[in-house]
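K.L.:
So the chains spell out like this:
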Amino acid sequence: MDPLMTDALVIAAQTAFLIVIAPAVVGYVRLIKARLQGRRGATIIQPYRELRKTFRKGMVIAESASWIFHVAPFAIVGATTAAASLAPVVSTVQPADLVGDLFVLAALLMLGTFFLALGGLDPGTAFGGMGSSREMTVAALTEPTIAIAVLTLALTTGSTSLGAITGTVLKTPAYAIGPGHALAFAAFLIALIAETGRLPVDNPSTHLELTMIHEAMILEYSGPYLALIEWAAAVRLTLLLTLAANLFLPWGMATSLVPAALTVGLCAIVVKLAILGMLLALLETRVAKLRLFRVPELLALSFTLALLGAASSFFTK
Amino acid sequence: MEAAFSRITMTAASAMLLLALVVLWRRHAGAYITAFRTQSIALAVTGAVVASYGGASELFFVSFMILVVKGWIVPSVLSGMDAKRQSARELRPLLNTETSLLVSGALAVAAYEISRPLAEVMNLPTRGGLPIALALVFVSLFIVVSRREVIAQIVGFLMLENGIALLALLGAYGVPLIVELGVFLDVLLGVLVMQAVVYQIHDTSAD
Numbered sequence: 001m002d003p004l005m006t007d008a009l010v011i012a013a014q015t016a017f018l019i020v021i022a023p024a025v026v027g028y029v030r031l032i033k034a035r036l037q038g039r040r041g042a043t044i045i046q047p048y049r050e051l052r053k054t055f056r057k058g059m060v061i062a063e064s065a066s067w068i069f070h071v072a073p074f075a076i077v078g079a080t081t082a083a084a085s086l087a088p089v090v091s092t093v094q095p096a097d098l099v100g101d102l103f104v105l106a107a108l109l110m111l112g113t114f115f116l117a118l119g120g121l122d123p124g125t126a127f128g129g130m131g132s133s134r135e136m137t138v139a140a141l142t143e144p145t146i147a148i149a150v151l152t153l154a155l156t157t158g159s160t161s162l163g164a165i166t167g168t169v170l171k172t173p174a175y176a177i178g179p180g181h182a183l184a185f186a187a188f189l190i191a192l193i194a195e196t197g198r199l200p201v202d203n204p205s206t207h208l209e210l211t212m213i214h215e216a217m218i219l220e221y222s223g224p225y226l227a228l229i230e231w232a233a234a235v236r237l238t239l240l241l242t243l244a245a246n247l248f249l250p251w252g253m254a255t256s257l258v259p260a261a262l263t264v265g266l267c268a269i270v271v272k273l274a275i276l277g278m279l280l281a282l283l284e285t286r287v288a289k290l291r292l293f294r295v296p297e298l299l300a301l302s303f304t305l306a307l308l309g310a311a312s313s314f315f316t317k
Numbered sequence: 001m002e003a004a005f006s007r008i009t010m011t012a013a014s015a016m017l018l019l020a021l022v023v024l025w026r027r028h029a030g031a032y033i034t035a036f037r038t039q040s041i042a043l044a045v046t047g048a049v050v051a052s053y054g055g056a057s058e059l060f061f062v063s064f065m066i067l068v069v070k071g072w073i074v075p076s077v078l079s080g081m082d083a084k085r086q087s088a089r090e091l092r093p094l095l096n097t098e099t100s101l102l103v104s105g106a107l108a109v110a111a112y113e114i115s116r117p118l119a120e121v122m123n124l125p126t127r128g129g130l131p132i133a134l135a136l137v138f139v140s141l142f143i144v145v146s147r148r149e150v151i152a153q154i155v156g157f158l159m160l161e162n163g164i165a166l167l168a169l170l171g172a173y174g175v176p177l178i179v180e181l182g183v184f185l186d187v188l189l190g191v192l193v194m195q196a197v198v199y200q201i202h203d204t205s206a207d
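Chains A and B, in that order, are what the protein sequence lines are. Reminder that position 106 of the first sequence reads as 106 in this note's numbering, one-by-one numbering, no gaps. Reminder that position 176 of the second sequence reads as 176 in this note's numbering, one-by-one numbering, no gaps.
The hints are simulated quantities; they were obtained by calculation from the structure and are not laboratory data. In this text, a Cβ means the ideal position worked out from N, Cα and C, and glycines have one as well. Fair warning: there could be bad hints in the mix.
Derived coverage of chain A by chain B (criterion: at least 3 residues anywhere in the stretch with Cβ under 8 Å from a Cβ of chain B; other residues may be distant) [said to hold, decoys possible]: (1) 71 to 85; (2) 170 to 179; (3) 182 to 192.
The whole structure should be built from the sequences, with the hints applied where relevant.
P.N.:
See below:
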């Protein structure tokens with residue numbers, strides 16, 4: 001087969017995998033949470049049913065909404081899909097390394113957040129504006145953390161390309177138990193929680209006006225637009241969990257495009273997502289939502305961790 | 001083997017530094033004490049790792065003593081002190097949390113920069129952990145000066161002691177056993193004395 005075709009196929013398959021399983025990841029976290037709280041909970045495929053139902057519904061759009069309101073959902077989905085296409089999911093052979101590295105990925109995720117905030121502001125409602133301002137506060141504080149955590153990985157492995165990082169860590173496992181890696185992982189997890197709007201930063205399962213961030217921004221959206229945004233949010237969560245799993249603990253990933261290795265890699269990522277999802281659910285059951293004014297403190301903690309990680313990989317290289 | 005040893009000690013040292021940072025973020029004396037207890041356990045684990053890889057078998061005994069004295073007795077005494085504390089439950093630090101965390105980040109980077117020449121002339125496999133131990137000493141000292149309540153200052157002081165013990169472990173595979181025993185006695189005596197006088201200290205320093 002033409003090498004270019006193979007590359008395109010590898011990228012498309014990994015992206016499609018992330019997009020398709022994203023609602024199941026959300027459903028899985030919800031199910032585990034329900035079980036931990038003593039409820040039976042809906043099945044894992046419930047988010048798919050919700051998406052199908054929301055896609056079929058009509059839309060009610062505010063009269064004050066401009067074209068930005070209509071563009072935002074597509075921009076969010078586009079940016080998130082593009083970001084997902086860069087991630088090494090099953091195999092460390094990631095042809096998309098040529099197109100973009102970790103910085104491009106962070107920028108694309110930020111672009112999605114930016115359009116989400118614009119979409120929240122556009123109809124001019126009080127809640128949307130409040131949600132957008134909060135989201136921007138959180139995003140402005142998580143962004144430097146992610147950049148520095150990335151810098152830590154780049155300093156130890158000598159590359160900012162995602163596939164190259166996973167490959168290097170896989171070859172020299174000593175990197176993965178060093179302090180730089182561990183501190184950067186802790187910082188990345190806190191940033192992940194803030195970026196995806198989970199507890200204790202935001203509560204994904206409530207519509208309580210005074211506390212919400214993500215839900216406040218999408219309050220004016222309905223029907224297919226809402227479904228697109230929800231799906232993009234699920235992809236974002238899955239993507240960040242995948243990155244946490246594969247960048248910091250890449251074991252089990254395929255290093256070549258052989259069917260046997262790919263099968264192992266596929267099982268590995270499913271198992272890793274299941275474990276990380278369970279940890280996420282456990283955390284969300286254990287902690288209460290922080291007061292909004294304590295969120296910057298948590299993010300300052302993650303920033304300090306990332307800084308320490310970068311310092312230790314810089315000085316002990 | 002040696003690479004793994006050096007990595008493990010560095011990670012344990014990082015965990016101890018992490019627990020000192022957690023103290024800066026938490027607001028309840030109970031959380032301070034839990035962080036100190038966990039930190040002491042991490043110190044004991046580091047001691048045991050150094051003992052088994054470095055071939056210093058008396059360190060096993062020292063680790064056991066750390067586990068008993070700092071991991072169990074001292075935290076229980078502190079919990080007792082906390083239970084008797086009259087004032088509001090939430091601690092009020094002198095500096096706000098964000099500034100504290102950023103200051104300690106800067107202190108840690110300074111510790112790396114200061115101890116780099118030292119780590120370069122040493123040839124022990126544990127040298128990579130030295131900057132982290134020094135950072136722990138700095139951050140603990142910062143906890144002592146930036147907290148208002150006596151109990152938080154005591155925890156900061158004990159973490160400072162942990163940091164010095166870690167520095168000795170990583171820099172020289174521990175100090176002679178008799179010195180180590182003396183230090184344990186000092187810590188225990190210090191905490192007991194502090195427990196006795198803490199209310200008087202609190203009355204004069206709180207306002």
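K.L.:
Hints first: check each against the structure and report whether it holds.
P.N.:
Do the hints match the structure? See the list:
1. 71 to 85: Contact hint for the stretch 71 to 85 of chain A vs chain B: violated, 0 residues under 8 Å.
2. 170 to 179: holds (count 4)
3. 182 to 192: holds (count 3)
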